[in-house]
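Under full-length UniProt numbering, the first residue of the sequence shown carries the number 1, and numbering increases by one thereafter.
Honestly, the hints are just simulated from the structure, not real lab data. In this text the structure is predicted, and so the values were computed from the model without any measurement. Check the hints yourself; a few may be wrong.
Calculated lysine to any residue pairs in the SDA-like style (CA-CA distance at most 20 Å, straight line) [what the hints assert, rightly or not]: (1) 46 / 61; (2) 46 / 58; (3) 46 / 114; (4) 201 / 211; (5) 122 / 147; (6) 122 / 136; (7) 201 / 190; (8) 122 / 134; (9) 201 / 10; (10) 201 / 17; (11) 122 / 132; (12) 201 / 36; (13) 122 / 106; (14) 122 / 90; (15) 201 / 165; (16) 46 / 110; (17) 122 / 38; (18) 201 / 220; (19) 122 / 213; (20) 201 / 6; (21) 201 / 222; (22) 46 / 62; (23) 122 / 138; (24) 201 / 218; (25) 122 / 135; (26) 201 / 176; (27) 122 / 144; (28) 46 / 29; (29) 46 / 117; (30) 201 / 212.
Derived CB-CB ranges, DEER-like [stated by the list, open to error]: (31) 58 / 210: 19 to 29 Å; (32) 81 / 218: 23 to 33 Å; (33) 144 / 75: 40 to 50 Å; (34) 204 / 52: 33 to 43 Å; (35) 43 / 114: 18 to 28 Å; (36) 81 / 220: 36 to 46 Å; (37) 132 / 222: 26 to 36 Å; (38) 82 / 176: 23 to 33 Å; (39) 203 / 7: 15 to 25 Å; (40) 214 / 59: 17 to 27 Å.
Ideal Cβ placement from N, Cα and C applies to all residues, glycine included.
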Amino acid sequence: MTGWLGPEEWQAVALSLRVAFWATLFSLPIGIFVALALARCSFPGKQLLNGLVHLPLILPPVVTGYLLLLTFGTRGPVGGLLADLGIVFAFRWTGAALAAGVMAFPLMVRAIRLSIEAVDVKLEQASATLGAPPVWVFLTVTLPMALPGIVAGTILAFAKAMGEFGATITFVSNIPGQTRTIPSAIYAFLQVPGGEGSAMKLVVVSVVIAMGALLLSEVIARRVAARVGGA
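Please take these sequences and the hints and turn them into a complete structure.
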């Protein structure tokens, strides 16, 4: 792979993997919590939360990126406070991870929510009647039963984060070595004469990673489901 790809192309691949990894890692605990709340809890504003979670799927990615820039930019209400602490997202790879995480979050939450809703509530109630606290019921009953959906949602979110473009380029621009992920690099290569070859190489890499992630999610989800069912 390193011989086939040039230094600039490999740099984009490595950065995309880094961005997608951290975007998925930080999104996962939040995604499980939100999915559990939407699947099992009733509270005021539940539909509003559900709408906000899925909003990135409906909005143009550029709009999401611009909203992130307004919020997490150095002059934004959140970004300004974080900048005082030395944490900067705008035009940094961390901002690319934030944008990718936001765009991938709905896919993760949806998969996990459907998996939690498929868990028999009677099993949770039986555990609760034996004196188990809600947290213990979730950790010992709900979480293991919902694990296939969690695994599938995590891998799909990773693949989505790898391919994020619109929100990322709006929020953190297209800086080589800093924010130029695979989609941004493809766009940049297509803007210069003779860059089609490099762009095609990254397209092939993107297809391989995306298909690999989809197949891996199916295989892992089935194996986990088989183990859970066998237990």
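Out of the numbered hints, which ones does the structure contradict?
Hints 1, 12, 13, 14, 18, 19, 21, 22, 24, 32 contradicted; others consistent.
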